[in-house]
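Input sequences plus hints: build the corresponding full structure.
Protein chains in written order, with the numbering used here: chain U, 1 to 158; chain S, 159 to 277; chain D, 278 to 391.
Just so you know, these hints were derived from the structure itself, not from any lab. Glycine included, each C-beta is placed from N, C-alpha and C at the ideal position. Careful: at least some of the hints might be erroneous.
[As the list claims (entries may be wrong)] According to the in silico footprint, chain D covers these stretches of chain U (three or more CB under 8 Å from chain D):
1. 16 to 28
2. 68 to 80
3. 90 to 98
4. 116 to 123
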Amino acid sequence: MKHAGSLFFVLTGIWLVWSGHFNPLLIGFGLASVLLVLVIVGRMGIADHEGAPIEVLPRALTYAPWLLLEIAKANIDVVRVVLSPKMPISPSLFECDSTQKSDLGRTMYANSITLTPGTVTVEVREGRFKVHALTNAAADGVKSGEMDRRVTGVEGQA
Amino acid sequence: MILAASAGAPAGIPDAMFPFLVVTLIASFVTMALALTRASLGPTTFDRILGVNMFGTKTVLFISLIAFVTGRRDFIDLALLYALMNFIGVIAVLRFSKYKQFSDLDEQESQGSPPGVEE
Amino acid sequence: MEMALDILSWLLIACGALLGMVGGIGLIRLPDFYCRLHAAGVTDTGGATLFLTGLMLQSGLSLITFKLLAILFFLLVTSPTATHALASAALSDGPEPLLDGSRAKRRGGGSSRN
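Okay, structure coming up:
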């Protein structure tokens, strides 16, 4: 129920932002379509902690700035590698641990790794990721496990 | 060239910002050209898909820029639609290149190939 | 004040476009499909973020800002998913990754056909 409620607010917000009209008729249409979506989602049984992960939102909001900073740093590294005439790349493929317990947590961790340029998650299995890294520095960043620890913190007990 | 023909910067932006706009446009076009080059050269299918994917991302950014330059802010909706289509398109092409058909493999295998799709 | 905001926003837009171009250059220069994924990542994350942030500053605080934010969020969620799908498909039935040990064949010059 909590998830359905959060989904209702998110969908209504999206409708309002995209329509930009605030007369009763169009808001009525919006409410009708949001309710229709909620009914369909309820029948599909996907309005759970994975379909509408409202619990992780406050912790994810503290994680996002750190991730953006990491992305900025990794961007600078990759730009330097690409633009330098000799292209000092040292591609490597290695495995790393993931300590997340749920699929949602693993998805967040895999996407975070891929989102930082220089590292790409190539294969996801329970507890083990296969990661391709462009440089040794990028590989060491993933191997240090700090991102893994932070994502597990975001995931919490959900 | 249309931009150069009209007097100064287009309506959406002040004159002083015109050089920035020129740099942005040239960089965008060069990126698109490079992505298309990779898509047409690309030794493997995956290189081609990657090039098309980057072209799509760049198109999303380009449409949003057009929305501001021409002052037609409703183009932003088109940009979002294009982002959705780009993602779905990449996944669909990837799936097609892997299974040679769009429908679910497990269901179709027992019934032979679906109509219209050659094995 | 208005002017400073304008300059900042156009600076961000131009930097985003240039960063995207660096990604395109990497897409051509890097020797191997798996390395090119990283170059595409630069365009998808850094380029898109700077570009759309600049446009957000242009639009002031309006519904357009939220739409741009939604586009940015959507790009940041879907681009790693597409990249991962590409990479895992390529690893299962695509080219072998060019790893550090097998670099002898690599030519440093940046030809796109090696």
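These are the hints, each one checked on the structure:
no.	hint	verdict
1	16 to 28	holds (count 3)
2	68 to 80	holds (count 6)
3	90 to 98	holds (count 4)
4	116 to 123	holds (count 8)
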